[in-house]
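Participant: Required output: the full structure, derived from the provided sequences and hints.
Line order of the protein sequences matches chains A and B. Note that the working numbering has the first sequence beginning at 1, numbered continuously upward. Note that the working numbering has the second sequence beginning at 1, numbered continuously upward.
Treat each hint with caution, since some may be false.
Unchecked claim - Looking from chain A toward chain B, a few residues come up when the C-beta cut is under 7 Å (computed):
no. : residue
1   : Ala52
2   : Ile72
3   : Glu79
4   : Asp160
5   : Glu163
6   : His252
Treat the hints as calculated values from the structure; they're not laboratory data. Quick reminder that beta carbons are idealized off the backbone N, C-alpha and C, glycines included.
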Amino acid sequence: MSGADAQTNTEASNDARLRYLLRLGDTSLVLGQRLGEWVGHSPALEEDLGLANLALDLVGQARLLLTYAAEIEGKGRDEDALAFFRDAPQFTNLTLAEQPNGDFAQTMVRQFLIDAWQLEIYEGLASSTDTRLAAIATKALKETRYHFRFSSSWLVRLGDGTEESHRRAQNAIDGVWRFTDELFAADEVDEQMAAAGVAPRLTDLQPRWSARIDEVLREATLRRPANVSYQWHGKRGVHTEHLGHMLTEMQHLQRTYPGAQW
Amino acid sequence: MYTQALDSLGKDCLPGGSADSAALEARFQARVDADEKIEPKDWMPDAYRQTLIRQISQHAHSEIVGMLPEGNWITRAPTLRRKAVLIAKVQDEGGHGMYLYSAAETLGISREQMIEQLLAGTAKYSSIFNYPTLTWADIGAVGWLVDGAAIMNQIPICRCSYGPYARAMVRICKEESFHQRQGFEIMLALARGTPEQHQMAQDALNRWWWPSIMMFGPSDTESKHTAQSMRWKIKRFTNDELRQKFIDITAPQAEFLGLRIPDAQLRKEEGSEHYHFGTIDWSEFQAVLKGNGPCNRERLEARRSAHDDGRWVREAAAAHAEKQRARTAKAA
Numbered sequence: 001m002s003g004a005d006a007q008t009n010t011e012a013s014n015d016a017r018l019r020y021l022l023r024l025g026d027t028s029l030v031l032g033q034r035l036g037e038w039v040g041h042s043p044a045l046e047e048d049l050g051l052a053n054l055a056l057d058l059v060g061q062a063r064l065l066l067t068y069a070a071e072i073e074g075k076g077r078d079e080d081a082l083a084f085f086r087d088a089p090q091f092t093n094l095t096l097a098e099q100p101n102g103d104f105a106q107t108m109v110r111q112f113l114i115d116a117w118q119l120e121i122y123e124g125l126a127s128s129t130d131t132r133l134a135a136i137a138t139k140a141l142k143e144t145r146y147h148f149r150f151s152s153s154w155l156v157r158l159g160d161g162t163e164e165s166h167r168r169a170q171n172a173i174d175g176v177w178r179f180t181d182e183l184f185a186a187d188e189v190d191e192q193m194a195a196a197g198v199a200p201r202l203t204d205l206q207p208r209w210s211a212r213i214d215e216v217l218r219e220a221t222l223r224r225p226a227n228v229s230y231q232w233h234g235k236r237g238v239h240t241e242h243l244g245h246m247l248t249e250m251q252h253l254q255r256t257y258p259g260a261q262w
Numbered sequence: 001m002y003t004q005a006l007d008s009l010g011k012d013c014l015p016g017g018s019a020d021s022a023a024l025e026a027r028f029q030a031r032v033d034a035d036e037k038i039e040p041k042d043w044m045p046d047a048y049r050q051t052l053i054r055q056i057s058q059h060a061h062s063e064i065v066g067m068l069p070e071g072n073w074i075t076r077a078p079t080l081r082r083k084a085v086l087i088a089k090v091q092d093e094g095g096h097g098m099y100l101y102s103a104a105e106t107l108g109i110s111r112e113q114m115i116e117q118l119l120a121g122t123a124k125y126s127s128i129f130n131y132p133t134l135t136w137a138d139i140g141a142v143g144w145l146v147d148g149a150a151i152m153n154q155i156p157i158c159r160c161s162y163g164p165y166a167r168a169m170v171r172i173c174k175e176e177s178f179h180q181r182q183g184f185e186i187m188l189a190l191a192r193g194t195p196e197q198h199q200m201a202q203d204a205l206n207r208w209w210w211p212s213i214m215m216f217g218p219s220d221t222e223s224k225h226t227a228q229s230m231r232w233k234i235k236r237f238t239n240d241e242l243r244q245k246f247i248d249i250t251a252p253q254a255e256f257l258g259l260r261i262p263d264a265q266l267r268k269e270e271g272s273e274h275y276h277f278g279t280i281d282w283s284e285f286q287a288v289l290k291g292n293g294p295c296n297r298e299r300l301e302a303r304r305s306a307h308d309d310g311r312w313v314r315e316a317a318a319a320h321a322e323k324q325r326a327r328t329a330k331a332a
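Facilitator: The structure is reproduced here in structure tokens:
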């Protein structure tokens, strides 16, 4: 391989790496932002603390991932420039993460599905050839184990609780299941990252995710909806209407006072 | 040391005016005077118990209601670092509420009862949280001034005669002083920022200054609980002493920030460390206390809806726990 080819390859791989990091960082940021909306309004004090804890971890993950992404991008941006000065089409979070909180069951279902996904992703990334990403993933994995315990135990309580909670939990799963189509739909970014040993191969993770979901749903006496094809993927910048509103709120100060330091 | 089980306490064992009760009270007061800690199972006058329940539960409710004005800015914090710090801060407030409810529970009241009193509007919380957080600078002002005033009030409670309350306060004060520094740091960034940011900081100080100094409560001549609470060492300083101390510490900080405290009469007294300050408009304090502040209705409404909307979730958790118990019993 000539020097020029190697250079092109590195650039191509850096572009994929940047896009991959943004996807992970945006997913954590958007989900953390959603959970932040709950603080002070949860069903009980313990849940307020729990949800705040999850939000805090996710924002922390987003900061590490976006900072790294900004460095790879090399355009002088930082975590805040990426969080506050990109519009919805430039955000590449999972569509599931941006779905509104709804009731507590909807929040817990969204959390549970993403926690289970992040568990697999971070576990794979912990042995990434990218040592910085591996270190971020190792830290995030510990946090995500706790998140999954929190969300899955709530799913069981809601599913196997009262008639009302069961109905709400089932409705919540039915309502968002189509967005799980995106979780393991590999595209060229995922392929390149897997080929370079940076990221785990999504097709390898799906069976484990699926088994984990089934195990909890069984205990929760909830029904797994049939898979449907859903091709509007947030990780490619194609979102639901909800993201724009979330960003309007999140970016308000930075957009109103551009250039100010906070 | 004289101790007695909690369940045999209360008004029944305290025949008013009897020789026994007078002796118990004298012994209790002697222990307080000797700076001994009163513990949950120790005998205590019913009025001491009731005063503590009132004070600790009000304090707990203030932490919980206080999550609302600050939580109002979690989704709009201007940087990711500020967002993380604010989430952690609001989470700490919830944690404080939890330890304080637990401390109050040692006096024979349940958290559920206390929350019912809050939602029914019969229990109070700090009036300061009935003011709105209108701009990001309010998050700075709340940390700097409101947490600053709270610390001033709370540090002496670390030496309160009632053990569980004193111990809860030690941990709370550590976290509060961290919050106060974070608030000051927000103000500093704004005060040294763009002209618009500086104005935002000044506007927040204008709105939060007087409510903050009212947090110390009515003047000593008007305060109905101070004398007894000081005898019981629940309170160590009077409202006016603490207010003066707060102003003496805060006025130079405002100067450092380059912000003007909205009190034309504020000036350092000649040859003294103390600041002279203007007359407090107690009619505003009374209005907010009576429920006519800017956000009294919204705050209580937010707590009530969280409680009502969360009922089915709490019921689900209870129902599941019950099913689990039944299954375990059947398997055994």
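Participant: Next, verify each hint and record whether it holds.
Facilitator: So, going through the hints one by one against the coordinates:
no. : hint   : result
1   : Ala52  : 4 Å, holds
2   : Ile72  : 18 Å, violated
3   : Glu79  : 5 Å, holds
4   : Asp160 : 5 Å, holds
5   : Glu163 : 9 Å, violated
6   : His252 : 5 Å, holds
Hints 2, 5, counting from the list given before, are not met by this structure.
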